[in-house]
Structures are given as structure tokens and as C-alpha cells.
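Peer 1: Which chain is which? The protein sequence lines are G and X, in order. Mapping the first sequence onto the UniProt record's numbering, position 11 (from 1) lands on 11, and the numbers just tick up by one. Mapping the second sequence onto the UniProt record's numbering, position 71 (from 1) lands on 71, and the numbers just tick up by one.
Please keep in mind that the hints were generated in silico from the structure rather than gathered at the bench. Hints may be right or wrong, so weigh each one.
[Stated by the list, open to error] DSSO-like mimics (lysine-lysine), calculated; alpha carbons at most 30 Å apart, straight line:
1) X:27 x X:254
2) G:355 x X:147
3) X:125 x G:116
4) X:228 x X:27
5) X:254 x X:228
6) X:254 x G:345
7) X:228 x G:96
8) G:355 x G:345
9) X:125 x G:73
10) X:125 x X:147
11) G:355 x G:73
12) G:116 x X:147
13) G:345 x G:363
14) G:73 x G:96
15) G:355 x G:96
16) X:254 x G:73
17) X:254 x X:227
Chain by chain, the residues run as shown.
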Amino acid sequence: MNSTALPAASLTTQPLDGGMGERIVLSGAWRNTSLPPVLGAVDELGQRAGGQRLELDFTDVDQIDTSGAWVLKQMMVSAADRGCEVRTRGMTPAMKELIGALPDRLEAVRASAGAKRTLFQRLFEPIGRTVYDFWEDSISAMNILGAAVRGAQLKFGRHSGLSPAAVVNQMDNMGVRAVPIIMLMSFLIGAIIAQQGAFQLRYFGAEIFVVDLVGILQLREVGVLLTAIMIAGRSGSAITAEIGSMKMREEVDALLVMGLNPVGVLIFPRLAALAVVLPLLTIVANFAALFGAAVVAFTYSGITFEVFLTRLHQAVAFSTIIAGMVKAPFMALVIGVVAAVEGLKVGGSAESLGKQVTASVVKSIFVVILMDGLFAMFYASIGF
Amino acid sequence: MDMQKGTPQDHEIVLSVEDLTVGFGSKVILDQLSLDVRRGEILGFVGASGTGKSVLMRTVLRLLPRRSGTIRILGQDYDQLSEAERTALDMRLGVLFQHGALFSSLTVKENIQLPMREYLDLPQKLMDELAHLKIALTGLAPDAADKYPSELSGGMIKRAALARALALDPDLVFLDEPTSGLDPIGAAEFDELIAQLRDTLGLTVYMVTHDLDSLFSVCDRIAVLGKKRVLVEGTVEDMLAFDDPWVQSYFRGKRARSIVRTEDARP
Ligand SMILES: Nc1ncnc2c1ncn2[C@@H]1O[C@H](COP(=O)(O)OP(=O)(O)OP(=O)(O)O)[C@@H](O)[C@H]1O
Ligand SMILES: [Mg+2]
Numbered sequence: 001m002n003s004t005a006l007p008a009a010s011l012t013t014q015p016l017d018g019g020m021g022e023r024i025v026l027s028g029a030w031r032n033t034s035l036p037p038v039l040g041a042v043d044e045l046g047q048r049a050g051g052q053r054l055e056l057d058f059t060d061v062d063q064i065d066t067s068g069a070w071v072l073k074q075m076m077v078s079a080a081d082r083g084c085e086v087r088t089r090g091m092t093p094a095m096k097e098l099i100g101a102l103p104d105r106l107e108a109v110r111a112s113a114g115a116k117r118t119l120f121q122r123l124f125e126p127i128g129r130t131v132y133d134f135w136e137d138s139i140s141a142m143n144i145l146g147a148a149v150r151g152a153q154l155k156f157g158r159h160s161g162l163s164p165a166a167v168v169n170q171m172d173n174m175g176v177r178a179v180p181i182i183m184l185m186s187f188l189i190g191a192i193i194a195q196q197g198a199f200q201l202r203y204f205g206a207e208i209f210v211v212d213l214v215g216i217l218q219l220r221e222v223g224v225l226l227t228a229i230m231i232a233g234r235s236g237s238a239i240t241a242e243i244g245s246m247k248m249r250e251e252v253d254a255l256l257v258m259g260l261n262p263v264g265v266l267i268f269p270r271l272a273a274l275a276v277v278l279p280l281l282t283i284v285a286n287f288a289a290l291f292g293a294a295v296v297a298f299t300y301s302g303i304t305f306e307v308f309l310t311r312l313h314q315a316v317a318f319s320t321i322i323a324g325m326v327k328a329p330f331m332a333l334v335i336g337v338v339a340a341v342e343g344l345k346v347g348g349s350a351e352s353l354g355k356q357v358t359a360s361v362v363k364s365i366f367v368v369i370l371m372d373g374l375f376a377m378f379y380a381s382i383g384f
Numbered sequence: 001m002d003m004q005k006g007t008p009q010d011h012e013i014v015l016s017v018e019d020l021t022v023g024f025g026s027k028v029i030l031d032q033l034s035l036d037v038r039r040g041e042i043l044g045f046v047g048a049s050g051t052g053k054s055v056l057m058r059t060v061l062r063l064l065p066r067r068s069g070t071i072r073i074l075g076q077d078y079d080q081l082s083e084a085e086r087t088a089l090d091m092r093l094g095v096l097f098q099h100g101a102l103f104s105s106l107t108v109k110e111n112i113q114l115p116m117r118e119y120l121d122l123p124q125k126l127m128d129e130l131a132h133l134k135i136a137l138t139g140l141a142p143d144a145a146d147k148y149p150s151e152l153s154g155g156m157i158k159r160a161a162l163a164r165a166l167a168l169d170p171d172l173v174f175l176d177e178p179t180s181g182l183d184p185i186g187a188a189e190f191d192e193l194i195a196q197l198r199d200t201l202g203l204t205v206y207m208v209t210h211d212l213d214s215l216f217s218v219c220d221r222i223a224v225l226g227k228k229r230v231l232v233e234g235t236v237e238d239m240l241a242f243d244d245p246w247v248q249s250y251f252r253g254k255r256a257r258s259i260v261r262t263e264d265a266r267p
């Protein structure tokens, strides 16, 4: 009974009495697992012109399934097409029924090959497509921002929409649970910057300025940037995956027909939570990084905590902190909106979900960095 | 689906479940359930919604853990098999899940070819032909071959899932509500198709269904799940004679009566 013990399919040919054609004696199990050895012989038979008569002898066939029946049926049909007279012998009723149930030929449907494109089209079409995609993404981002502000209900003109429980729940997921990893990462970054800074500044005997270096760099740029990148990877991907799988299973459509605004119900709480949580996480990150820097400054350069704090107080103006923190809510919105746009683009397949999650993380990290650059240019030109 | 020469042994048991107990947490779904399925038959499995028909099927397929009991499929106890023997056994089972469970990132044709690719050593051309053959046999239009599951209608998903279940020409197929969501004509065709496949391929079919028409027209035997076990198994006549309020209202209800009457009216 074990499929490994099946006798392999085989065939032998004999000339028919009178030399008018051939008899093919089939034997063994013509099942999908035991079929491969005989396929070569079947092909060869098919290519041979053959005589006027073909007789298939099924007497020694143990078992047959659709694949075996199909191969044999093809043999018979092509012989009949060549004008051969086909006969069979020794078929059980079940075999007869199986072979009879198969269609003579399949309507093979081939995807029509697309019209040939010129070099010009091939060169510029992707560019045009990218531009259009970008335009559509921007439109739907605006759509999402607008709809998020409008709230959950589409009907009855009720604008309340904001459900505090959902927002708080999201804040817990995206914020509170991210604290340990953000703290650890920032601590290490602060320590690394301080260590390298201290080594370089030592040449000038200006090790104390490592405090200025770390303080300004962390508070203005690195703190918010790294936190945003971390959150883009951690929560942006989650938002895309959640919304995408809801889209896939028609849950988004269900919301729509209930008269609810999916953007208001699904996206707004996440956007609001992100906008609150990212600045808070940035503050946490800044503290952790400064602490890491202080520890390193003490170990490598003997700068005590007291000296560190005093120097920090002199080096960092309040505006430095503001310059960093102002960026956080903007970055939060960008991450949330990009994640939502990508999530709503998910189609019917699991594969598209994976693709969109990847796109979401890549795009939001890119936009976050781009935005940081724009802010830097803006600050420089207004002298902030 | 062996078509051995000579008459198939009567009443050879291809699936036997003994004293099966399954539960989730403190909730027991199946309690000491026993069931036999014979070679070459179409067994219809009915029961109220939520009684555990899908759970039983999933347990038999080892997708859910069981608390006690033995399950023998095609004469073999899965727990006592080696890795290679398990694979050989898996190849001989086909499953149509309640919701299709087609791979969403593959076309219908690729879905059907997936088990073939994994298990069989056939040339690509023959596999293509076989996939198209299964598509034709299950009554799908040829152009469905290159469609993705999200582009199919509910009934087409059922057919595609059946085509995939039949990809390896299994001995035993499990169908979970194959005709739900089909129009009555489509459902009748589907029933006929299953009966035809049973006759030609020698399949044994385990079919969970709520469709009274299927029960009356193609099922050789019917088993009823209730009170955490198989309440009764047998032919339609046995069902009609069985004294249990649920079974009575199921097989003698308004919807059933009209079918029984038309069946009786036939010569
Ligand atoms: N993973 C699970 N965890 C907990 N309970 C479950 C789980 N799967 C199923 N159940 C419970 O087991 C019971 C039986 O479910 P099952 O899906 O087998 O019903 P069914 O008989 O197939 O119903 P239907 O005809 O509606 O498909 C239900 O009460 C269900 O809530
Ligand atoms: Mg079910």
C-alpha cells in the first residue's frame, strides 16, 4: 500500500498481427508517483508516425490515476488525430470511466503577450509611473490627514469621533512598550558619541567640550531622529500590517458600509497616539543619551557628573531643546500617514501585505530623514 | 483511490476514530467520539453550527491536539509512523477547508501545482496539463487558471480549492462545507462532480455539509454530530427513523420534507 512500493509504470511495443500497426502493452502502476520513468517512452511513441492501428493493452495495469489516464488519453487522441484506429483491451470499468471522463484536449489559455514597447516607452514609462505614484500617495496622504481630523462618523453630521480609549490603547502599544528599547538604544548612542568625541578632543586638551558636543547633537538632531526611525520601524510597520490585513479581509469595507469613516476609526487614534508619544519618547531618549554620555565622560575623561551638569547647563540653550522637540510631532504625523497610505494600498494577497509593510518602513524612514534635513536648513536660514 | 484489480474489499475502513476527546481550556467539544469511514463511500457529516464538525476534521488532520483517543487513517496510526511514512500518508489525503485556504499570492494554477512540485517528479509541461485538467474537471472556466484567489467568486474559490485538494489524486478527501455559498444549480453540479470523482478515481469522501440536497442525493451514509459525539450514523432512512428532536427536525423539517417527498416520488 505504501506509495514507495508501487511498481513503476512501463510499456512495451509489439507489432500487430498482419503488420498493420502496433500493440502497446502497459503494465505497472500508472500513478503520479510511479509515472516519471515511462514518460520518455511515451513521448517517443507520440513522435513516431505509427501505422494504421494502435492497440493499448491494459491487462497488466495495476493502478491508474488522473495523471496516468491523462498521459494515455493524450496518446490515444494524438494517434486518432493521425488517422490511426485506436483500440483498447483489458480495461476495468473504472479505468474506462476515468479515461472517458477526461476531456480530449485542454483549452490552454495563455496570457496574451503585451504589445511590444518602444525604447522610449520602456525608458520613460517607469519614470512617469513613479511620478504619478508619488502624486497619488501625496493626495491620499492629504486625504488621510483631512479625514482623520474629521473623525469617525460620516453620517448624521456627528463629529465627535474621537474615542479616548482607542487612543490610550494605542499610546500604550506604541509608547509605553517602546520605552525600554528606546532608552537602551539612546544610552548606547550617547555613550558612543561621547567616547569618540572625547578621544578626538583630547588632542586639543579640550575634553570638557565633549559635553557641548553630545548635548547639542543629541538634543537638536540625533535624539528625535533616531527615536523617529525606531518608531517608524516598530509602529509604522505595525500600523501598515494592521490596516493592510483589515483591508485584505474586507473589514475596511465593512466599516464603510456601516457609515463609519475607516480613516477616522482606524487611523486617527493611531495618528493621535503617535503625535503624543513620539515627543515623549524623544524626551526619554534624550535623558538616556545624556546619562550614557555622562557615564562615558566620567570613565574615560574623569569628568564628574557635577562638572558634566554644570557644563551642560552652560552649553545648551533652551532653544536647542525646542529646536529638537518641535520636529517630533511632525515626524510622528509623517510616520503615521505614510504607514496608513501604504496599509490602504494592500490588495488581496499576503504577498502584497509584505510588500506594503516594507515600503511603509523604507518610505517613512526616508521621509523622516529628509524632513530633518529640511528643518536644519530652515533653522539655519532663520538663525534659530 | 487504488483501482486494484478485482472487487474492492467491502467495508474496508479507511478512517477510524476511537474514543476521541478534544477540548479547549475547560470546554470539552468532543467527548469519547468514535467514527468509521469506509473505502469508496461518501460520508455526509452534519450537526448544528458550533457542535465541532470542523474541530473533528482538524483533529483528524492533526491540526488540533487531542486529549485522548486513537485515529487511524488508511490503516495507519500517525503517531507510530516515521517521518517518511508520514509524508507518504499526507500525500494520500486531500483537504478542502471551509474557507478555501488558497494561497493568496499564487494563481489558481500555481496553487494546484504546489503539492505536485513538492512531491512529484514530473516535467513542467505535464504538470501544466494536469493543473488545467483538474481545473476543467472541477468545472472552472479555463481562464481561471491564471487568476489570483482575490479575483475569484465564492463558488470559484470552492472549485479551485477542490482542484487543489485533488492535485495529488488522494485516496481520502475531506471537504468542509463544499457547497455552501454556491447557487443551487452550482451546488448540484458540485455534488455530481464529487460522485463522479468517487466513481472514477475511487475516492473516499468525508464531507461536512449543511446542504440537505447533497445529503439526500450523493451521500452513501450520514453521520450526525450532537451531544459531543456521533449521535447516529446510517442511511437517510436510519436518520428518519432515529428518535432525537434535533435529528427529527433536521431531516423532517419543512426544507427537508419537500426533498424527501420528491425523492419518494421517483420511480
Ligand atoms: N481554536 C479554538 N479555541 C476555542 N474554541 C474553539 C476553537 N475552535 C473552535 N472552537 C469552538 O469549538 C466549537 C466547535 O466549532 P466548529 O468550528 O467545529 O463548529 P462547526 O460544527 O464546524 O460549525 P459550523 O457548521 O458553523 O462550521 C465552537 O463552539 C467553537 O467556539
Ligand atoms: Mg465548520
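Peer 1: Hints first: check each against the structure and report whether it holds.
Peer 2: Taking the hints in turn, this is what the structure says about them:
Distance check on the hinted pair: residue 27 of chain X and residue 254 of chain X sit about 33 Å apart at the alpha-carbon level, beyond 30 Å; violated. For the given pair, residue 355 of chain G sits about 19 Å from residue 147 of chain X by alpha-carbon distance, which is consistent with the 30 Å threshold. Taking the CA atoms of residue 125 of chain X and residue 116 of chain G, the gap is about 26 Å. The hint holds against a cut of 30 Å. For the hint linking residue 228 of chain X to residue 27 of chain X, the alpha-carbon distance of about 11 Å falls within 30 Å, and the restraint holds.
A hinted pair counts as satisfied when its Cα atoms are at most 30 Å apart, and residue 254 of chain X with residue 228 of chain X qualifies at roughly 26 Å. For the suggested pair residue 254 of chain X and residue 345 of chain G, the alpha carbons sit about 47 Å apart, so the restraint of at most 30 Å is broken. Distance restraint check for residue 228 of chain X and residue 96 of chain G: the Cα-Cα separation of roughly 43 Å exceeds the 30 Å cut-off, and the hinted pair is therefore not satisfied. As the CA atoms of residue 355 of chain G and residue 345 of chain G are separated by approximately 10 Å, the hinted pair is consistent with the 30 Å bound.
Taken as a hint, the residue 125 of chain X and residue 73 of chain G pair is honoured in the structure, with Cα atoms around 16 Å apart against an allowance of 30 Å. For the given pair, residue 125 of chain X sits about 19 Å from residue 147 of chain X by alpha-carbon distance, which is consistent with the 30 Å threshold. The straight-line distance between the Cα atoms of residue 355 of chain G and residue 73 of chain G is roughly 43 Å, outside the 30 Å bound, and the hint therefore fails. Distance check on the hinted pair: residue 116 of chain G and residue 147 of chain X sit about 23 Å apart at the alpha-carbon level, within 30 Å; holds.
Between residue 345 of chain G and residue 363 of chain G the CA atoms are separated by roughly 14 Å; this keeps the pair inside 30 Å, and the hint holds. Taken as a hint, the residue 73 of chain G and residue 96 of chain G pair is honoured in the structure, with Cα atoms around 11 Å apart against an allowance of 30 Å. Between residue 355 of chain G and residue 96 of chain G the CA atoms are separated by roughly 49 Å; this puts the pair beyond 30 Å, and the hint is violated. For the suggested pair residue 254 of chain X and residue 73 of chain G, the alpha carbons sit about 47 Å apart, so the restraint of at most 30 Å is broken.
Between residue 254 of chain X and residue 227 of chain X, the direct Cα distance comes to roughly 24 Å. Compliance with the 30 Å bound is thereby established for this hinted pair.
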